[in-house]
Amino acid sequence: MKILVMVKRVSDPNVMIRVSADNSSVDLNNVKMAINPFCEIAVEEAVRLKEAGIATEVVALSIGGTQSQEQIRTALAMGADRGILIESEGPLESLTVAKLTQKIIEEEQPGLVILGKQSTDTDNSQTGQMLASLMGWAQGTFASKLEISGEKINLTREVDSGLQTLSLSMPAVVTCDLRLNEPRFASLPNIMKAKRKPLDVKAAGDLGVDLTPRIKTLMVETPNERQGGTVLGSVAELVEKLKTEKGVI
Amino acid sequence: MTILMIAEHDNKSLKEITLNAITAATQIGGDIDVLVVGENCGSAAEAAATISGIRRVRVADHACYNGQLAENVAALIQTLAGDYSHIMAPTTTSGKNILPRLAAALDTSYFSDIISVESADTFKRTIYAGNAIETVQTADSIKVMTVRGTAFELAAQDGNAPVEVVSEVTDLGLSSFVSEDLAVSERPELTSASIVISGGRGMQNGENFSILEKVADKLGAAVGASRAAVDAGFVPNDMQVGQTGKIVAPDLYIAVGISGAIQHLAGMKDSKVIVAINKDPDAPIFQVADYGLVADLFDAVPELEQAL
Ligand SMILES: Cc1cc2nc3c(=O)[nH]c(=O)nc-3n(C[C@H](O)[C@H](O)[C@H](O)COP(=O)(O)OP(=O)(O)OC[C@H]3O[C@@H](n4cnc5c(N)ncnc54)[C@H](O)[C@@H]3O)c2cc1C
Ligand SMILES: Cc1cc2nc3c(=O)[nH]c(=O)nc-3n(C[C@H](O)[C@H](O)[C@H](O)COP(=O)(O)OP(=O)(O)OC[C@H]3O[C@@H](n4cnc5c(N)ncnc54)[C@H](O)[C@@H]3O)c2cc1C
Numbered sequence: 001m002k003i004l005v006m007v008k009r010v011s012d013p014n015v016m017i018r019v020s021a022d023n024s025s026v027d028l029n030n031v032k033m034a035i036n037p038f039c040e041i042a043v044e045e046a047v048r049l050k051e052a053g054i055a056t057e058v059v060a061l062s063i064g065g066t067q068s069q070e071q072i073r074t075a076l077a078m079g080a081d082r083g084i085l086i087e088s089e090g091p092l093e094s095l096t097v098a099k100l101t102q103k104i105i106e107e108e109q110p111g112l113v114i115l116g117k118q119s120t121d122t123d124n125s126q127t128g129q130m131l132a133s134l135m136g137w138a139q140g141t142f143a144s145k146l147e148i149s150g151e152k153i154n155l156t157r158e159v160d161s162g163l164q165t166l167s168l169s170m171p172a173v174v175t176c177d178l179r180l181n182e183p184r185f186a187s188l189p190n191i192m193k194a195k196r197k198p199l200d201v202k203a204a205g206d207l208g209v210d211l212t213p214r215i216k217t218l219m220v221e222t223p224n225e226r227q228g229g230t231v232l233g234s235v236a237e238l239v240e241k242l243k244t245e246k247g248v249i
Numbered sequence: 250m251t252i253l254m255i256a257e258h259d260n261k262s263l264k265e266i267t268l269n270a271i272t273a274a275t276q277i278g279g280d281i282d283v284l285v286v287g288e289n290c291g292s293a294a295e296a297a298a299t300i301s302g303i304r305r306v307r308v309a310d311h312a313c314y315n316g317q318l319a320e321n322v323a324a325l326i327q328t329l330a331g332d333y334s335h336i337m338a339p340t341t342t343s344g345k346n347i348l349p350r351l352a353a354a355l356d357t358s359y360f361s362d363i364i365s366v367e368s369a370d371t372f373k374r375t376i377y378a379g380n381a382i383e384t385v386q387t388a389d390s391i392k393v394m395t396v397r398g399t400a401f402e403l404a405a406q407d408g409n410a411p412v413e414v415v416s417e418v419t420d421l422g423l424s425s426f427v428s429e430d431l432a433v434s435e436r437p438e439l440t441s442a443s444i445v446i447s448g449g450r451g452m453q454n455g456e457n458f459s460i461l462e463k464v465a466d467k468l469g470a471a472v473g474a475s476r477a478a479v480d481a482g483f484v485p486n487d488m489q490v491g492q493t494g495k496i497v498a499p500d501l502y503i504a505v506g507i508s509g510a511i512q513h514l515a516g517m518k519d520s521k522v523i524v525a526i527n528k529d530p531d532a533p534i535f536q537v538a539d540y541g542l543v544a545d546l547f548d549a550v551p552e553l554e555q556a557l
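Chains A and B are the protein sequences, given in the same order. Mind the numbering: the first sequence is residues 1 to 249 in the numbering used here, read in order. Mind the numbering: the second sequence is residues 250 to 557 in the numbering used here, read in order.
Think of the hints as simulated: they come from the structure by calculation, not from any bench. The C-beta atom is built at its ideal place from N, Cα and C for all residues, glycine as well. Treat the hints with care, since some could be wrong.
From chain B, some residues computed to sit far from chain A (all C-beta separations above 12 Å) [claimed, not checked]:
| # | residue |
| --- | --- |
| 1 | Thr251 |
| 2 | Asp280 |
| 3 | Ala323 |
| 4 | Gly344 |
| 5 | Asp362 |
| 6 | Gly379 |
| 7 | Val415 |
| 8 | Val418 |
Just the calculated beta-carbon pair ranges, DEER-fashion [claimed, not checked]:
| # | chain 1 | residue 1 | chain 2 | residue 2 | range |
| --- | --- | --- | --- | --- | --- |
| 9 | B | Gly469 | A | Glu70 | 46 to 54 Å |
| 10 | B | Glu288 | A | Ser234 | 52 to 60 Å |
| 11 | A | Pro189 | B | Ala556 | 55 to 63 Å |
| 12 | B | Asp466 | A | Pro91 | 19 to 27 Å |
| 13 | B | Glu288 | A | Asn224 | 24 to 32 Å |
| 14 | A | Pro189 | B | Ala388 | 30 to 38 Å |
| 15 | B | Gly469 | A | Val231 | 37 to 45 Å |
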């Protein structure tokens with residue numbers, strides 16, 4: 001079975017971003033970029049399934065600018081076999097990303113597609129669900145445990161009220177939550193080896209998908225900043241303030 | 250405008266966050282129908298019928314909706330979608346599971362976790378862990394979205410709407426429910442509690458959370474946690490507050506042994522009053538806290554409990 005794993009290039013999740021002066025977007029000039037942490041978990045899971053003899057090949061797909069090749073290389077260094085970049089200079093909406101991915105799936109015929117549960121930049125949490133819908137496949141979102149037996153996946157999901165376990169027919173789409181695994185660090189030899197692995201680049205415009213945006217971003221603004229308050233000397237003082245000054249207890 | 254709200258429920262009862270989402274729907278305006286999908290969900294549908302200002306409740310009750318499987322529920326909503334201009338759900342793991350799937354099936358845009366309604370086609374939502382807010386607009390004829398509960402007031406429950414049965418059964422057979430392991434707690438729900446006390450890595454282990462629970466019991470509070478505390482296995486995943494966990498905005502949030510990483514702040518910085526208890530005076534949590542105590546939590550928390 002082949003696994004397709006999706007990796008997205010995002011700003012480093014630990015970097016505080018700034019809104020651009022004209023309030024049209026987020027200023028990503030000179031911001032350190034990285035692979036979306038949830039995608040790292042997705043790659044790790046795919047590679048483990050290959051190491052366990054369940055998957056035969058792991059293909060890493062990213063959709064974005066030329067520089068997204070860096071994130072594909074990261075996936076290759078972690079153990080993916082080859083990469084595909086669908087190159088697009090402008091930002092693409094999730095539904096478009098899902099439609100472009102559908103084209104790759106039709107070509108590659110994977111038995112399983114693994115994505116992150118959300119991107120740490122847009123915080124959308126939607127691409128996997130959209131893709132499963134377009135394919136008419138089963139979906140397992142927010143996965144914290146995945147077991148494959150035969151043509152079925154036993155999948156445990158992190159839900160608001162605890163954990164839910166589902167049985168999914170394959171082919172399927174799975175999105176990873178934080179506790180699915182702990183991604184490995186790529187070793188230097190593997191980083192070197194990854195440079196020689198095949199990476200195919202396709203132009204988004206050539207895949208027969210309408211790329212016209214349907215969502216208009218009218219404005220991007222900075223939320224109201226919270227001001228730090230006072231450091232108090234004692235628990236008694238804290239209780240007093242909460243009771244009389246704020247009236248919250 | 251005609252709006253379909255997907256109710257959040259556990260078959261027996263309606264979850265309060267549905268009432269927050271209804272307020273967002275009211276701000277869009279027009280008729281509002283509430284859809285209850287589940288198995289043996291009659292009492293949840295009855296509870297939904299009491300929501301003020303709605304036109305009717307539609308209920309789809311069938312074994313194939315056990316576990317609210319995204320494939321079957323999205324397919325069901327798709328059969329009803331032609332009647333509506335907006336299809337909404339509260340932002341929960343269920344809403345986030347089902348609605349993007351629906352949006353793709355309808356070939357329409359989806360807005361995740363909106364925090365404000367600007368007009369019937371324009372909404373605000375946060376991006377980059379709450380460090381920016383975008384205003385987004387679409388001309389698509391059906392608008393699909395999830396609604397952040399903490400951003401909207403609760404709708405009232407003094408109505409008596411008719412309940413109509415949806416007879417379509419959409420069993421795609423792609424997935425099936427196996428089991429669930431639900432958190433049982435007598436305390437209020439994290440996302441609707443008016444006071445939340447959360448513990449982080451500083452708690453050292455799961456047993457030590459009992460000192461937070463004692464304070465919670467005195468205050469009628471819910472107990473939350475940082476990702477570090479969940480990853481370390483101190484407490485279960487449903488307690489995680491943050492960008493990738495639950496978003497809370499109580500009247501009072503008490504952060505204990507939590508450093509204040511941006512991903513944690515994204516989940517609690519809209520709280521009215523924030524208290525931080527941390528032994529490190531340079532912990533970033535103090536930059537957002539109204540009141541801070543630089544103290545060892547194992548002294549300060551029991552002392553707090555005594556003082557209440
Ligand atoms: C400056 C800038 C502005 C943007 N503005 C907008 C905007 O206004 N509206 C808008 O809709 N989009 C915008 N985008 C595009 C957006 O960042 C996403 O590429 C797109 O919306 C799909 O990802 P998501 O965040 O919805 O994914 P999510 O659904 O949050 O991500 C889940 C998973 O899907 C996979 N995935 C998602 N996208 C990709 C990808 N491109 N390549 C590989 N895997 C992927 C990953 O595995 C990821 O973990 C903008 C991008 C940039 C750089
Ligand atoms: C993709 C991604 C998503 C994430 N999502 C989330 C999320 O949703 N929610 C979340 O919380 N985090 C999230 N994180 C993790 C986040 O970056 C931090 O790692 C995490 O919040 C740290 O948890 P903490 O504050 O408990 O631990 P630490 O940062 O280790 O802080 C522990 C604190 O406890 C204090 N302390 C220790 N002992 C005592 C004592 N005896 N008395 C008083 N104080 C004490 C220390 O001074 C320290 O400040 C995410 C990270 C990534 C990359």
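Now for the hints, and whether the structure bears them out:
{"no.": "1", "hint": "Thr251", "result": "holds, 21 Å"}
{"no.": "2", "hint": "Asp280", "result": "holds, 25 Å"}
{"no.": "3", "hint": "Ala323", "result": "violated, 7 Å"}
{"no.": "4", "hint": "Gly344", "result": "violated, 10 Å"}
{"no.": "5", "hint": "Asp362", "result": "violated, 7 Å"}
{"no.": "6", "hint": "Gly379", "result": "violated, 6 Å"}
{"no.": "7", "hint": "Val415", "result": "holds, 20 Å"}
{"no.": "8", "hint": "Val418", "result": "holds, 18 Å"}
{"no.": "9", "hint": "B/Gly469 <-> A/Glu70: 46 to 54 Å", "result": "holds, 50 Å"}
{"no.": "10", "hint": "B/Glu288 <-> A/Ser234: 52 to 60 Å", "result": "holds, 54 Å"}
{"no.": "11", "hint": "A/Pro189 <-> B/Ala556: 55 to 63 Å", "result": "holds, 59 Å"}
{"no.": "12", "hint": "B/Asp466 <-> A/Pro91: 19 to 27 Å", "result": "violated, 48 Å"}
{"no.": "13", "hint": "B/Glu288 <-> A/Asn224: 24 to 32 Å", "result": "violated, 43 Å"}
{"no.": "14", "hint": "A/Pro189 <-> B/Ala388: 30 to 38 Å", "result": "violated, 52 Å"}
{"no.": "15", "hint": "B/Gly469 <-> A/Val231: 37 to 45 Å", "result": "violated, 27 Å"}
This entry does not satisfy hints 3, 4, 5, 6, 12, 13, 14 and 15, going by the numbered hints stated previously.
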